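J.: Next come the chains, spelled out residue by residue.
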Amino acid sequence: MLSDERAEKGASLPLRRTRLVALTGALMLGCVVTLWAKPDDSVAYPTGYRHWTHVKSTIIGPKSPNWETIGGVQHIYANEKGLEGYSTGHFPEGAVLIYDFLRTEELTNAPGVTVEGPRRFTSVMVRDSKRYEATGGWGFEEFRGDSQTDRMVGSEAPTKCFACHQQQKEREYVFSVLRK
Amino acid sequence: MGEREERGGWSPKQMVRNRRGIHHIYASEKAEEGYRSGRFPDGSVLVYELLETKEVEGITLEGRRKRVDVMVKDSERYGSTAGWGFASFAGESRSDGALSAESHAACFACHSGSKEHDFVFSVFRN
Numbered sequence: 001m002l003s004d005e006r007a008e009k010g011a012s013l014p015l016r017r018t019r020l021v022a023l024t025g026a027l028m029l030g031c032v033v034t035l036w037a038k039p040d041d042s043v044a045y046p047t048g049y050r051h052w053t054h055v056k057s058t059i060i061g062p063k064s065p066n067w068e069t070i071g072g073v074q075h076i077y078a079n080e081k082g083l084e085g086y087s088t089g090h091f092p093e094g095a096v097l098i099y100d101f102l103r104t105e106e107l108t109n110a111p112g113v114t115v116e117g118p119r120r121f122t123s124v125m126v127r128d129s130k131r132y133e134a135t136g137g138w139g140f141e142e143f144r145g146d147s148q149t150d151r152m153v154g155s156e157a158p159t160k161c162f163a164c165h166q167q168q169k170e171r172e173y174v175f176s177v178l179r180k
Numbered sequence: 001m002g003e004r005e006e007r008g009g010w011s012p013k014q015m016v017r018n019r020r021g022i023h024h025i026y027a028s029e030k031a032e033e034g035y036r037s038g039r040f041p042d043g044s045v046l047v048y049e050l051l052e053t054k055e056v057e058g059i060t061l062e063g064r065r066k067r068v069d070v071m072v073k074d075s076e077r078y079g080s081t082a083g084w085g086f087a088s089f090a091g092e093s094r095s096d097g098a099l100s101a102e103s104h105a106a107c108f109a110c111h112s113g114s115k116e117h118d119f120v121f122s123v124f125r126n
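So the sequences go chain by chain: A and B.
The first sequence runs 1 to 180 under our numbering.
The second sequence runs 1 to 126 under our numbering.
Hints are computed from structural coordinates only; laboratory data are not their basis.
Treat each hint with caution, since some may be false.
Away from chain B, derived, C-beta distances all over 12 Å, residues of chain A [to be verified]:
#1 Gly61
#2 Trp67
#3 Gly71
#4 Leu102
#5 Gly112
#6 Thr114
#7 Glu133
#8 Asp146
#9 Thr149
#10 Val153
#11 Glu156
#12 Thr159
#13 Glu172
The calculated lysine-lysine pairs, modelled on DSS-like cross-linking and capped at a C-alpha distance of 25 Å, are [as the list claims (entries may be wrong)]:
#14 Lys115(B) - Lys180(A)
#15 Lys54(B) - Lys66(B)
#16 Lys160(A) - Lys63(A)
#17 Lys180(A) - Lys160(A)
#18 Lys180(A) - Lys169(A)
#19 Lys115(B) - Lys56(A)
#20 Lys66(B) - Lys81(A)
#21 Lys30(B) - Lys160(A)
#22 Lys130(A) - Lys56(A)
#23 Lys63(A) - Lys81(A)
#24 Lys180(A) - Lys30(B)
#25 Lys63(A) - Lys30(B)
#26 Lys30(B) - Lys169(A)
#27 Lys56(A) - Lys160(A)
#28 Lys160(A) - Lys54(B)
Since the structure is predicted, the reported quantities are computational estimates derived from the model, not experimental observations.
We put the beta carbon where it would ideally sit given N, CA and C, even for glycine.
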């Protein structure tokens, strides 16, 4: 019995060593990848935001100089932490604000009635003061149409988004106000 | 909206005059379930809000609240109107929502046009 046990232990040794070597290899590879790749600072798609709180809406009409590029109806939504920011003036970590851009359509069977059309893009602001320190503690992204992966901002957030939001420094870079 | 008014026999002109502004529809959690399943459970609340608008350089902004229309599902209480109770609060009022029997009946008559969707006209947009 005793010799059998020893034999078993001996047999299992090479396997353990292999595991250890494999683990060390994986750790080293991990370090190399971390050194090479930039930290992932991409903004996640805001799943379920249509169930969040509606902050307010605006309509950019044909008379606006911005009609061609962003014209239509815009809805702003906030998650619970975002809502906290509107009421206290300080947006906590994890606050998410959505600026949803939809086209508009005029009903032909009811003149004067404007309804929502297809989505142009969905703009997202995510509060993470460490990760997005360079842009006021907010991560910015825009998702084209109904896509959850087609990103329109990426690394251009400082020029495409923050350059303008910067003027709202005293309101933590947020333009909108919660409508009661 | 246009469709709704035509079913109810209103002319679009009348509708635009009476309902000019921006409309938002809100749903309670139970009502969200109704949008998904097509059957609105008891306790569902749908809100149809109408705000005034003002235009500044081609941009339309929300103004004062004109009206808050409410639909509440309670099969026992509102059994005669397929379980739906209707109310309409003017402006910022939180108390004067009760409708006359005639108005309540008119709400239901028009909403009967959407019987196959449990008397609800709106569809949840993703």
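J.: Enumerate the violated hints, using their earlier numbering and listing them in ascending order.
T.: Of the numbered hints given earlier, those the structure breaks are 1, 2, 3, 4, 5, 6, 8, 14, 17, 19, 20, 21, 22, 23, 25, 26 and 28, listed in rising order.
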